[in-house]
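Engineer: Read top to bottom, the protein sequences are chains A, B, C and D.
FYI, in the working numbering the residues of the first sequence are 203 to 623.
FYI, in the working numbering the residues of the second sequence are 203 to 623.
FYI, in the working numbering the residues of the third sequence are 203 to 623.
FYI, in the working numbering the residues of the fourth sequence are 203 to 623.
Hints are supplied without guarantee of correctness; some may be wrong.
Claimed, not checked - Restricting the straight-line Cα-Cα distance to at most 20 Å, the calculated cross-link-like pairs of lysine to any residue (SDA-like) are:
(1) LYS328/A x GLY329/D
(2) LYS389/D x LEU622/B
(3) LYS572/D x ILE549/D
(4) LYS389/B x ASP385/D
(5) LYS609/D x GLY575/D
(6) LYS394/C x GLY375/A
(7) LYS298/D x MET211/C
(8) LYS394/D x GLY591/B
(9) LYS389/C x ARG354/A
(10) LYS394/B x THR217/D
(11) LYS262/C x GLN263/D
(12) LYS355/C x ASP434/A
(13) LYS389/A x GLU379/C
(14) LYS389/A x GLU358/C
(15) LYS572/B x LEU622/B
(16) LYS394/B x ARG354/D
(17) LYS451/B x ILE296/B
(18) LYS394/B x GLU358/D
(19) LYS305/A x GLN204/B
(20) LYS389/C x GLY375/A
Treat the hints as calculated values from the structure; they're not laboratory data.
Number of protein chains: 4
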Amino acid sequence: MQTQTLERMESNVRTYSRAFPVVFTKAQNARLTDEAGREYIDFLAGAGTLNYGHNNPQIKQALLDYLAEDNIVHGLDFFTAAKRHYLETFEEVILKPRGLDYKVQFPGPTGTNAVEAAIRLARNAKGRHNIVTFTNGFHGVTMGALATTGNRKFREATGGVPTVGGSFLPYDGYLGEGTDTLDYFEKLLGDKSGGLDVPAGVIVETVQGEGGINACGLEWLKRLEGICRAHDILLIVDDIQAGCGRTGKFFSFEHAGVVPDIVTNSKSLSGLGLPFSQVLMRPELDVWKPGQYNGTFRGFALAFTTAAAALEHFWRDDSFAEEVQRKGEIVAERFGRIAAWIREQGIEASERGRGLMRGIDVGSGDIADKITGKAFENGLVIETSGQDGEVVKCLCPLTIPDEDLLKGLDILEESAKSALR
Amino acid sequence: MQTQTLERMESNVRTYSRAFPVVFTKAQNARLTDEAGREYIDFLAGAGTLNYGHNNPQIKQALLDYLAEDNIVHGLDFFTAAKRHYLETFEEVILKPRGLDYKVQFPGPTGTNAVEAAIRLARNAKGRHNIVTFTNGFHGVTMGALATTGNRKFREATGGVPTVGGSFLPYDGYLGEGTDTLDYFEKLLGDKSGGLDVPAGVIVETVQGEGGINACGLEWLKRLEGICRAHDILLIVDDIQAGCGRTGKFFSFEHAGVVPDIVTNSKSLSGLGLPFSQVLMRPELDVWKPGQYNGTFRGFALAFTTAAAALEHFWRDDSFAEEVQRKGEIVAERFGRIAAWIREQGIEASERGRGLMRGIDVGSGDIADKITGKAFENGLVIETSGQDGEVVKCLCPLTIPDEDLLKGLDILEESAKSALR
Amino acid sequence: MQTQTLERMESNVRTYSRAFPVVFTKAQNARLTDEAGREYIDFLAGAGTLNYGHNNPQIKQALLDYLAEDNIVHGLDFFTAAKRHYLETFEEVILKPRGLDYKVQFPGPTGTNAVEAAIRLARNAKGRHNIVTFTNGFHGVTMGALATTGNRKFREATGGVPTVGGSFLPYDGYLGEGTDTLDYFEKLLGDKSGGLDVPAGVIVETVQGEGGINACGLEWLKRLEGICRAHDILLIVDDIQAGCGRTGKFFSFEHAGVVPDIVTNSKSLSGLGLPFSQVLMRPELDVWKPGQYNGTFRGFALAFTTAAAALEHFWRDDSFAEEVQRKGEIVAERFGRIAAWIREQGIEASERGRGLMRGIDVGSGDIADKITGKAFENGLVIETSGQDGEVVKCLCPLTIPDEDLLKGLDILEESAKSALR
Amino acid sequence: MQTQTLERMESNVRTYSRAFPVVFTKAQNARLTDEAGREYIDFLAGAGTLNYGHNNPQIKQALLDYLAEDNIVHGLDFFTAAKRHYLETFEEVILKPRGLDYKVQFPGPTGTNAVEAAIRLARNAKGRHNIVTFTNGFHGVTMGALATTGNRKFREATGGVPTVGGSFLPYDGYLGEGTDTLDYFEKLLGDKSGGLDVPAGVIVETVQGEGGINACGLEWLKRLEGICRAHDILLIVDDIQAGCGRTGKFFSFEHAGVVPDIVTNSKSLSGLGLPFSQVLMRPELDVWKPGQYNGTFRGFALAFTTAAAALEHFWRDDSFAEEVQRKGEIVAERFGRIAAWIREQGIEASERGRGLMRGIDVGSGDIADKITGKAFENGLVIETSGQDGEVVKCLCPLTIPDEDLLKGLDILEESAKSALR
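With the sequences and hints as input, model every part of the structure.
Structural biologist: Quick look at the structure:
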C-alpha cells in the first residue's frame, strides 16, 4: 500500500489515518477492505455517518437511477424535483407519523453549518445572544459552533480568538450520582446576578458522541424541555450523531417524548455518506429573511435523492427501529460483560449508551487505545471518544448482520483480553 | 409545476427560488430544464460551482465507474485510494507545472469550512488574532468566516453577536481612480496607534464575486503580496469562486504572478457540483496538530474522484484555459456594448471582470433586477451581485458552447433593451 | 430641600437618591445630616468606602496639612514624596508584619480600573485569556471587569456587546449544603472537553458584597488556593469591598491563611472617601512593560496622603482589628435575633457575613425594601444587596461608636417589626 | 532624593518617572519643584489635567472652605448640596450661555469610566453595537474604551482578548492633503457589503492629544456632524483632554459650531487635579434605567466643589478664553519658528494644534526624546505624543504667566538647538 504521497501532501491535521494506517478501497455494509485485500469489520461507520452501512444497495440504486439521466446535481437553493421529493418523503415518512410540524432549512451540507444556522436562528428569534451548552458537548468547530463545543483541542487552536456566545453547564451525571444538574441551571436562570445571560436557546445532544457516549436520562431531558418552556428558551436538539435511528428511534429525543423547537440533522441523513444536513424549526420560529444565511452546497440533489431513498427503505414502518433496539441490547450485554472482565483486572470500567450508540468507559485513553489498537490488528475498526479518549465506542452500521456484529464483538473481547491481561 | 410543498416546508431563508420560481429537473452543460420542459441557458452555473457545466460526461463517467463497484464513498480522513489518486493528480497536473509547493488540508466540503480553517491556520502560525479583509469581500457566513465577510445582510443576522478578528480595508478601486488603497494599508501597518492590530494574514479574492465582480489590478495584487512579505503577514487568496479556471487560469492569482501562502478552493473543485473544498498551505505553515480541526465530510471519496477526473480532462494542457480566455473576451466585448447602450439611455453602466467572471454594473439593484427578470422570461438564468445587487453577473459554464454563449448574450441584450427602453 | 435641579439635570441612571430622596450636607463618623438638619445613622458608609467613618479627624488633618502648602496634588505617575510616603507606610505597617511581598500598581483610582489591570496582568503573565469568576460576583462594570460581574442589570445594558473572557462557576454554598462547589471547578480543570478554557486566573471576593454578603468558607478559600497552585492558575482576591479591615483583618483573606497572587484594593483605601485603588502582585508576576496600562488619575497625591494617615492611625497594632471583630459579633448577634423574629412571622430569614460585613437575608427584595424604607423613615441609612436585593446589609463605619451602632440596630429591629408585622 | 522604595515597590508599568527621574514635592501654577529644591516650568500639566495650574488659590480655597466643616466628602450618587451646586453652576455658567441642553451622568471619576458609559449609552439608545473611532484616537484602556483606542501598546497587552465593538476610520488628514477622509466613511455607510456595521455612534477628539496633537479641520468636524445626523448616528465628542478651555473655548467643538449628542469631560474638569468626570447627553438619549451603570466614586463631593469653583472663577465671561487664545498664538508662533529651524537642519518638522494644545512634529520619537530630555535638564517638563512619540507637545497650564511661558519656550528652543545641532 502506497502511502507516501498521502503522508507527504496531506496536512498534519489528518488523524484517523494515524490510527488506521492502511489505504481503504472498498466497503460494503459493515465491511471495509484495504488495498492489500484485507477485510475489517467496521464499528466506526464514518463516525455515525453510515447508519445504513457502506454502499447500501437500495440507496445506491436510487443514486444510480438519478444519475442515469441528466438530472440536476447541484441546484443552489433552487426548487428542484429532487428537493421536493425529499421534503414530501420526509414529511410523510418521518414528521407526520410522529405528529411533528417543522419547517426545514438546508444550511449547507455539514453538521457545523447546521449548528451555526440553528443557534443563529435561535438568537434572532429571541433577541438574546447566549446559548447554553453542556460539558463534553460537541457541536462543530467553525467559530459559531465552537462556542458550544467543549473540547480544548479545538478551543485552543483558534489562534487566540476566544469564542463568544456560549455558556457551559454540567450535563446529566456530570456532578455525580444523586445530583440533578438541572438544579444548577434552574437556579442560575432565576438568579439575577449568577452570571448566566438569559439564553436564547439550549443546545443538547441526547447521547453525547464525541463526549464519551454519555446518554442523558430521559427524565432529565424532559425536565430540560420544561425549564426551557418555563423561561421562554428554545430547546435545540443536536441530533447529528444520535439521530437517523442510531438510538433506536429516528430522532433520539423520541425516547423522552420531548419536542424540540429546533433540531439539527446531518451525518447519516443522506443515507450513503454524502454531505447533507438540515435544520428543523417550529414554523413560528422561522424568522429568517430570504438569503440571510447561505452556502453554495445547500441544494445537493444527489443527497436529496439518497436521503429520500433511505427514508423510504428503512422508515416506512417500525421494523428497522426494532432491529436497532434488538442489536443494541446485544451490544449492551456484551459490552457489560467485557466491562465486568476489565473490572476484574482491577481497572474501573463500565458500559453505557442507548440503542446502537454504545461505549465501554475504561478510564483512560491509554488503555482504550491499547484495546482498539489490538482490535485493528485483529480486523476490527473501532474508535474511542470522551475527553481523554477513554471510551471504546461502537457506532457500527445499524444494518450490520448479526454475524458481523457478533464477530466484531468477539474480536473486541479478545482484543481487550490480550491487551489488558 | 407543483411548488406548494416546497413553499410550505422550506424555510423563508430560501432565495434563488424566488427569482426563478420554477422547479428544475434536468441540466446538461449550459442548459437547465424545468419540470414543464422549458429550457434555459444557464449563466449562473451554481454560482460558479459548475465551471465544467452540468453533468459533464467525462466527469460523470468517472463517478459512475467509481460507483459501479463497492468503492468506499465516505472515508472520514482515512487514507483511501480515491484521495491518493486526487492528490497525485492535483500535484502532477496543477502544482508541479506551476512550480507550486503546497500541502493540502480537506477541512470539510464547503467554502466556509475552508475559510475557517485557513484563517485559523494563519492565526496559529503567526500567533496573532487579526485577519485583514476587504470591502465587499465575501468569505462565508459561519461566525469565523463572517468576520471577513462584508455583507450587512449576514452580519446583522447573528442575533447580536459581533464578529471578532477581522479588519476591513478598502479593496482596489474603492477610494476611486488615482488612489492606491494599499497606501492606506501600508500606512496603518507602520502606525503604532492607527488601530490596526498587526494581522496574521490578509484574505483576498482577486475577483470579488458576491461583491460585484470587482477585479483587482494585477499590480495591486503584486504590491499586496510585497506588503505581506515585508511585514511577515500571510497572504491568503480565497479562490473559491474565482479559481478552477474561472478567470482563464486555474488559479486566479496566476495572472499576477503572486504565490499566496494559503489558498482556499471549493465550488467547482469537484467538477460535478459535489460538495468539496481544500486549503493549500506552504509546507512550513502546516502547524496543525493531528485532529485540531475536523469535520465529518472531509473524506468524500466521490468528490475526490470527480475532482481528479476534472483535472485530467481539462487541465493537462493549456487549451482549456485559452478557450476560457477567448470566451471571456467575447463576453467582455458584448457586455461593453450592452453597457454602452445603457449609458445612452442615461443610466451609468460599465463592464468589468476577468476571464469568464464578468459583470455589467448598472448602478442599482432595481435596474439589474428588471434586466435579469426579463432575461429569465426570455430563457436565460442570470443573477446579480454587488452590495445592492447592481451588477448583472455572468458566471456561465466555462464549457459553454459558443452557440449557447451567443444566444445567452443575445437574450441578455434584448432583455436589457426591453427592460430599460 | 431643593431637588428639582438634581432631578432635572442628572441622568436617570442615578439610584441611591431614589431610595434616600433627601439632600445630604454634612457627615461625621457614622452620622449623616440632610439639608433640613435631620441626622441619620449611616449603615451604608459609602458602600464600604468609609470604613473609618466620615471626616475622620486624624485622616482629615493629614489632608489639611498637605494642602496647607503647595504640595503637588496631581502627579500622573511621577515619583512624588506623597507616593513614596504611602508606599513606605504600606510596606511597613501592612505588608511586612504579614510577611507579604507584593509590588504595587496604581491603575487609576476606581475599583473597576484595578480589576481591569489585575485580570489583564494575569492574562499577560500566563498567556491565557480566560478568568474564572463566581456566581454573584461583582467586580465592576467597565467591559473587561464586567466579564467577571454576574449582575444582569449591567450585563444586559452593554448595547448588545457580549463580554469576553470570563467563565462563571458556583461560589461556595451555591449548590446547597453538602456540596463543595470546588469539586465542579476541579473536575472541569481536569476535563479536556468540559468547555472550561484553562484560566489565567480566578477572581474571587472572600465575602461577596453586592452579591448578598455571602462569606465563603475559609476551608473553601484555602482549597481554592490549592487548586490554583496545582494548576498554575493565579489567585486574584478582589478585596475592594471586603478589604481595609471590613472583615476584621486588613485583608479579608488573612482569615484563611491564603496568599493571593494578585490583590485589588480600593473603596476605603484612601481612608477619607477619596478615589484611590491599587493592584498588588507577587513581584515575579510584574510583566508589565512601562506604560502598558495607564490612566490620568493614577498619581492622586491627596489620596496617597490620606491613605498613609489611615494606615498610621488604625493599623500600627491589632487593637482596631479586634474592635471590628467585637462589633461584628454584636451585629451578628442582633441580626441573628432579628432574623429569628422574622422567621417567626413565617418568612425565611437568616444572618450572614464576616466581621462588620453583615446581612440578613429576608428572601425577597420587596420585603427587604420595606424594612430599609421604614428604617430610613426612622433615621437609619441602610441598603440591600443580593441578586434580588433580598439581603439587608450592614456596612457601617468600622469606627462607629457603640452607642450609634446599638441605636442603628434598634432602629433596624423596630423597622423590621413595624414593616413586617 | 530617595527613589529606592519607589523603584522597588512600584510596578514596572510606571512610565513618567523614567523620563523625569526625580521626586516632585511642590507645585504652584506652572512650576514644579523637586525634592532637591530644583524648579521646573511645567509644560505637561498633568497631561492636560491642570488647565488652571497647580494649586490654583481660588479653587483650593473652595476646597479648604468645604473641608473646614464636616461636609460630606464621599456621597455615592446621593443628592448632595455639593453636587447640586456643581450642576447649577455648570448649567448657568457653561450650558445656558452656549444654548446647550444636556443631562449629566457622573460615571465614576476617570476618563475611561466616562468613555465606557458614553459608548454604552450610545449602543443602548440606538440598538446597535458598533462605534466608529479614528486612527490615532485615544479614549482609555479599560476593555470597552480600548475598542476605540488605537495604540498597539495597550491593544497588544490584553492577554489575547481582542476588543469588540469598535471600527477604525482615518482621521482628518490621515490619507494626505487633498483627501477628505469622510468620503470613505460616507461611502462605507452607504455600502451594504463594505464591512462597516452601521454604528450607534462616532467617537472623536477634535484635537487628538495622545495621538500627536492632530487638530481636525473645523469643516471636517461639521461634515462629520452632518453625516451622523443623516444616518441617525450619535456624535460623541471625547473632550477629556481638549475640553475645559484647552483649545481656547470651554468645549473644543465650539470652534466648529457642532453640537454633539454626547460629550465626555474629565482631566481638568475638577480644576485642581482631583479625579472627576462626566458624560453629557441630549435629554432624549438618557435611556439609562436606574443603576444600570455604577461605580463607587461617582459622587466625590470635593471634586464637585472644586469644579464649581473653577467654573465660577474662569468661565463667567470670555476673558479667560481670550487669554488662552492669545497665549496659543504665542506658542504657535514660537513652535513654528522652532520647527523652521529644525527643518533647516534637514529634519522634517512642523507645528500643529489649536489653542494651547500645541505640538512640533519632528518625525521620530528619538529626535523628540532628545529634545525633551535636554529640556528637562534645562528645567522644563515637557512630553511627547504621537504613534512613535514624534511630537513634542505643549500642554502648559492655561493660567501660565507670560514670563513662565516665554521662559519655557526659550528653554525648549535652546534644548532643540543643543540636541540637534
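Engineer: Please go over all the hints and tell whether each is borne out by the structure.
Structural biologist: Status of each hint after checking the structure:
For the proposed pair LYS328/A and GLY329/D, the alpha carbon gap of about 15 Å is at most 20 Å, so the pair holds. A hinted pair counts as satisfied when its Cα atoms are at most 20 Å apart, and LYS389/D with LEU622/B does not qualify at roughly 27 Å. The straight-line distance between the Cα atoms of LYS572/D and ILE549/D is roughly 13 Å, inside the 20 Å bound, and the hint therefore holds. Of the pairs offered as hints, the one joining LYS389/B and ASP385/D holds, with about 18 Å between alpha carbons and a cut-off of 20 Å not exceeded.
Our distance criterion of 20 Å between C-alpha atoms is met by LYS609/D and GLY575/D, whose separation comes to about 17 Å. Note on LYS394/C and GLY375/A: the hinted pairing holds, with a Cα-Cα distance of about 17 Å set against a maximum of 20 Å. A hinted pair counts as satisfied when its Cα atoms are at most 20 Å apart, and LYS298/D with MET211/C qualifies at roughly 13 Å. Between LYS394/D and GLY591/B the CA atoms are separated by roughly 10 Å; this keeps the pair inside 20 Å, and the hint holds.
In summary, the hint linking LYS389/C to ARG354/A is supported, as the alpha carbons are separated by about 14 Å, within the 20 Å threshold. For the hint pairing LYS394/B with THR217/D, the CA-to-CA distance comes to about 18 Å; that is within 20 Å, so the pair holds. Distance restraint check for LYS262/C and GLN263/D: the Cα-Cα separation of roughly 16 Å lies within the 20 Å cut-off, and the hinted pair is therefore satisfied. Of the pairs offered as hints, the one joining LYS355/C and ASP434/A holds, with about 19 Å between alpha carbons and a cut-off of 20 Å not exceeded.
Taken as a hint, the LYS389/A and GLU379/C pair is honoured in the structure, with Cα atoms around 14 Å apart against an allowance of 20 Å. Our distance criterion of 20 Å between C-alpha atoms is met by LYS389/A and GLU358/C, whose separation comes to about 19 Å. For a cut-off of 20 Å, the pair hint linking LYS572/B to LEU622/B stands: about 8 Å separates their Cα positions. Restraint check: the Cα-Cα separation between LYS394/B and ARG354/D comes to about 6 Å, which is no more than 20 Å; the hinted pair holds.
Using a Cα cut-off of 20 Å, the hinted pair LYS451/B and ILE296/B holds, with the two alpha carbons roughly 11 Å apart. For the suggested pair LYS394/B and GLU358/D, the alpha carbons sit about 11 Å apart, so the restraint of at most 20 Å is met. In summary, the hint linking LYS305/A to GLN204/B is supported, as the alpha carbons are separated by about 18 Å, within the 20 Å threshold. Restraint check: the Cα-Cα separation between LYS389/C and GLY375/A comes to about 12 Å, which is no more than 20 Å; the hinted pair holds.
Of the numbered hints given earlier, the model fails hint 2 alone.
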